Amino acid sequence: MFKAIGNEKRFEIMKFMLTHPYCITGDIVDYLPLAQSTVSQHLKVLREAGWITGTIAGPATSYCLHDENIQWFREKVGDIF
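Under the working numbering, the sequence shown is numbered contiguously, ending at residue 81.
Some clues are possibly wrong.
[To be verified] Within a straight-line C-alpha distance of at most 25 angstroms, the following computed DMTMM-like cross-link-like pairs (lysine to aspartate or glutamate) qualify: (1) 9 with 68; (2) 44 with 12; (3) 44 with 8; (4) 3 with 48; (5) 44 with 30; (6) 15 with 68; (7) 15 with 27.
Think of the hints as simulated: they come from the structure by calculation, not from any bench. Bear in mind that the values here come from a model prediction, so they are computed numbers and not experimental data.
Please model the complete structure; the sequences and the hints are all you need to start from.
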């Protein structure tokens, strides 16, 4: 799990999701100066590690933080996130 957030851009994506729950890839692309394919790869890594979940919403997938894993993380390392 920690390796997935060791990447600065993935950590930025997670911080964005704190204030933008249920965002789609395009929202993140607009926020970060990254290509859509790069953001999609980062989202895949975060999803496979259990940090985020994705819900199909029409033609797009809506992403949000996995609350239980975020709570576990906060308990382990404090409220730095």
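(message) Which constraints among the numbered hints does this structure fail? Numbers only, ascending.
(response) Of the numbered hints given earlier, the structure breaks none, since each of them holds.
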